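Asker: These are the residues of each chain, in order.
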Amino acid sequence: GESVGLHLPTLSVQEGDNSIINCAYSNSASDYFIWYKQESGKGPQFIIDIRSNMDKRQGQRVTVLLNKTVKHLSLQIAATQPGDSAVYFCAENYMNRDDKIIFGKGTRLHILP
Amino acid sequence: ETGVTQSPTHLIKTRGQQVTLRCSSQSGHNTVSWYQQALGQGPQFIFQYYREEENGRGNFPPRFSGLQFPNYSSELNVNALELDDSALYLCASSSKREGLNEQFFGPGTRLTVL
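Heads up: the sequence lines are chains R and U, in that order.
For the first sequence, the working numbering begins at 1 and goes up steadily by one.
For the second sequence, the working numbering begins at 114 and goes up steadily by one.
Incorrect hints may appear among the rest.
Pairs of lysine to aspartate or glutamate residues, derived as EDC-like cross-links and limited to a Cα-Cα distance of at most 20 Å, are as follows [claimed, not checked]: (1) R:Lys-105 x R:Glu-39; (2) R:Lys-100 x R:Glu-15; (3) R:Lys-100 x U:Glu-188; (4) R:Lys-42 x U:Glu-215; (5) R:Lys-71 x R:Asp-31; (6) R:Lys-105 x U:Asp-197; (7) R:Lys-105 x R:Asp-49; (8) R:Lys-71 x R:Asp-55; (9) U:Lys-126 x U:Asp-197; (10) R:Lys-105 x U:Asp-198; (11) R:Lys-100 x U:Glu-166; (12) R:Lys-71 x R:Glu-39; (13) U:Lys-126 x U:Glu-215; (14) R:Lys-100 x U:Glu-167; (15) U:Lys-126 x U:Glu-195; (16) R:Lys-68 x R:Asp-31; (17) R:Lys-100 x R:Asp-49; (18) R:Lys-105 x R:Asp-84; (19) R:Lys-68 x R:Glu-39; (20) R:Lys-68 x R:Asp-84; (21) R:Lys-56 x U:Glu-215; (22) U:Lys-126 x U:Glu-167; (23) R:Lys-100 x U:Glu-195; (24) R:Lys-56 x R:Asp-31; (25) R:Lys-100 x U:Glu-165; (26) R:Lys-71 x R:Asp-49.
Listing some non-contacts, in silico: residues in chain R with all C-beta distances to chain U over 12 Å [to be verified]: (27) Ser-28; (28) Met-54; (29) Asp-55; (30) Gln-58; (31) Gln-60; (32) Thr-69; (33) Val-70; (34) Ser-74; (35) Ile-101; (36) Gly-104; (37) Leu-109; (38) His-110; (39) Ile-111; (40) Pro-113.
No lab work stands behind these hints: they were computed from the structure.
None of these values were measured; they are calculated from a predicted model.
Each residue gets a CB set at the ideal place from its N, CA and C atoms; glycine is no exception.
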């Protein structure tokens, strides 16, 4: 069946260090992947996306890597800041179908001072 | 802020009751999707509305229904509430006119069923 999951439920990172959040997906038909950030009391916020014809995409302080061979997705956050504390979700979508987004369970990122 | 608003912010109901949640999409967006997020879980897709019609549905029973209005705002209705319906309900708006674009989420409505 469809599933998008994460390897670790929590991640603690020293302020200023780089963070890497991992995600595994099971459906090889998925062709679009998104990372969301959700702060307490707020809805998910789009961070970065990547289509299946790419293996890397960079944004401001964030990089998403896609390895279709092992069905693995990662989010790298450079120079982690206190404001990066949140729950991060990877999600998948099927561009040729409806806009249904399938979310994983999330990883909580803790920033250590 | 995304420009997507939801009301109410919090709601308490009892089992068997009915509830209506509301969502106003971001200006220029014609598509609204609804998600249920249980505590500690990722959001689960309920359904999507485009041009006032349902355009895709997740694994939710028929007692979950919705509407989209000509101004693209939307309602989520849940009948015969169950304890497990307690969750954060999120709506997200997007624009099909521009192809598959990112979905902008509202802050959610926290529903508690007692």
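Asker: Now look at each hint and say whether the structure bears it out.
Answerer: Quick rundown of the hints versus the structure:
With a C-alpha separation of about 14 Å, the suggested pairing of Lys-105 (chain R) with Glu-39 (chain R) holds against the 20 Å cut-off. The hinted pair formed by Lys-100 (chain R) and Glu-15 (chain R) fails the criterion: a straight-line CA distance of about 35 Å is larger than 20 Å. Straight-line distance between C-alpha atoms of Lys-100 (chain R) and Glu-188 (chain U) comes to about 18 Å, which keeps the hinted pair within the 20 Å bound. In summary, the hint linking Lys-42 (chain R) to Glu-215 (chain U) is supported, as the alpha carbons are separated by about 17 Å, within the 20 Å threshold.
Among the hinted pairs, Lys-71 (chain R) with Asp-31 (chain R) is consistent with the structure: their alpha-carbon atoms are about 11 Å apart, no more than 20 Å. Between Lys-105 (chain R) and Asp-197 (chain U) the CA atoms are separated by roughly 17 Å; this keeps the pair inside 20 Å, and the hint holds. At most 20 Å may separate the alpha-carbon atoms for a hinted pair to count; Lys-105 (chain R) and Asp-49 (chain R) meet this at roughly 18 Å. A C-alpha spacing of about 11 Å is found between Lys-71 (chain R) and Asp-55 (chain R), which places the hinted pair at or below 20 Å, so the restraint holds.
A threshold of 20 Å between alpha carbons decides the hint, and for Lys-126 (chain U) with Asp-197 (chain U) the separation of about 12 Å falls inside it, so the pair holds. Among the hinted pairs, Lys-105 (chain R) with Asp-198 (chain U) is consistent with the structure: their alpha-carbon atoms are about 18 Å apart, no more than 20 Å. Proximity of Lys-100 (chain R) to Glu-166 (chain U) is assessed by CA-CA distance (about 15 Å); at most 20 Å being required, the pair is judged to hold. Distance restraint check for Lys-71 (chain R) and Glu-39 (chain R): the Cα-Cα separation of roughly 27 Å exceeds the 20 Å cut-off, and the hinted pair is therefore not satisfied.
Under the criterion of a C-alpha separation no larger than 20 Å, the hint pairing Lys-126 (chain U) with Glu-215 (chain U) is inconsistent with the structure, at around 32 Å. Between Lys-100 (chain R) and Glu-167 (chain U) the alpha-carbon distance is near 12 Å, which keeps this suggested pair within the 20 Å criterion. With a CA separation close to 10 Å, the supplied pair Lys-126 (chain U) and Glu-195 (chain U) stays within the 20 Å bound. Annotation: proposed proximity of Lys-68 (chain R) to Asp-31 (chain R) holds, straight-line Cα distance about 10 Å (limit 20 Å).
Straight-line distance between C-alpha atoms of Lys-100 (chain R) and Asp-49 (chain R) comes to about 15 Å, which keeps the hinted pair within the 20 Å bound. As the CA atoms of Lys-105 (chain R) and Asp-84 (chain R) are separated by approximately 18 Å, the hinted pair is consistent with the 20 Å bound. For the proposed pair Lys-68 (chain R) and Glu-39 (chain R), the alpha carbon gap of about 29 Å is over 20 Å, so the pair is violated. Of the supplied pair hints, the one linking Lys-68 (chain R) and Asp-84 (chain R) is violated, its CA atoms being roughly 27 Å apart against a limit of 20 Å.
A hinted pair counts as satisfied when its Cα atoms are at most 20 Å apart, and Lys-56 (chain R) with Glu-215 (chain U) qualifies at roughly 18 Å. Proximity of Lys-126 (chain U) to Glu-167 (chain U) is assessed by CA-CA distance (about 26 Å); at most 20 Å being required, the pair is judged violated. Using a Cα cut-off of 20 Å, the hinted pair Lys-100 (chain R) and Glu-195 (chain U) is violated, with the two alpha carbons roughly 24 Å apart. Under the criterion of a C-alpha separation no larger than 20 Å, the hint pairing Lys-56 (chain R) with Asp-31 (chain R) is consistent with the structure, at around 14 Å.
In summary, the hint linking Lys-100 (chain R) to Glu-165 (chain U) is supported, as the alpha carbons are separated by about 17 Å, within the 20 Å threshold. The hinted pair formed by Lys-71 (chain R) and Asp-49 (chain R) meets the criterion: a straight-line CA distance of about 15 Å does not exceed 20 Å. Against chain U, the non-interface label of Ser-28 (chain R) holds: every CB pair exceeds 12 Å, the least being about 19 Å. With a cut of 12 Å on Cβ distances, Met-54 (chain R) stays outside the contact zone with chain U, its closest approach being about 15 Å.
The Cβ of Asp-55 (chain R) lies farther than 12 Å from every Cβ of chain U, with a closest approach of about 20 Å, so its non-interface assignment holds. A cut-off of 12 Å between C-beta atoms confirms that Gln-58 (chain R) is not in contact with chain U; the least separation is 17 Å. Look at Gln-60 (chain R): its CB is around 15 Å from the nearest CB on chain U, clear of 12 Å, so calling it non-interface holds up. Once the 12 Å rule is applied to beta carbons, Thr-69 (chain R) is consistent with being away from chain U; the minimum gap is 24 Å.
Against the 12 Å criterion, Val-70 (chain R) stays outside the reach of chain U, whose nearest CB is about 21 Å from its own CB. For Ser-74 (chain R), the shortest C-beta to C-beta distance to chain U comes to about 17 Å, beyond the 12 Å cut-off, and the non-interface label holds. The Cβ of Ile-101 (chain R) does not lie farther than 12 Å from every Cβ of chain U; its closest approach is about 6 Å, which violates its non-interface assignment. Remark: the non-interface label on Gly-104 (chain R) conflicts with the geometry, its nearest Cβ contact in chain U lying 5 Å away (cut-off 12 Å).
Every beta carbon of chain U lies more than 12 Å from that of Leu-109 (chain R), the smallest distance being close to 15 Å; the non-interface claim holds. Under the 12 Å C-beta cut-off, the non-interface status given to His-110 (chain R) relative to chain U holds; the minimum distance is some 16 Å. No Cβ of chain U approaches the Cβ of Ile-111 (chain R) within 12 Å, the least distance being about 20 Å, so the stated non-interface status holds. The claim that Pro-113 (chain R) lies off the interface holds: its Cβ sits roughly 25 Å from the closest Cβ of chain U, which is beyond the 12 Å cut-off.
Violated hints, listed in ascending order, are 2, 12, 13, 19, 20, 22, 23, 35, 36; each of the other numbered hints is respected by the structure.
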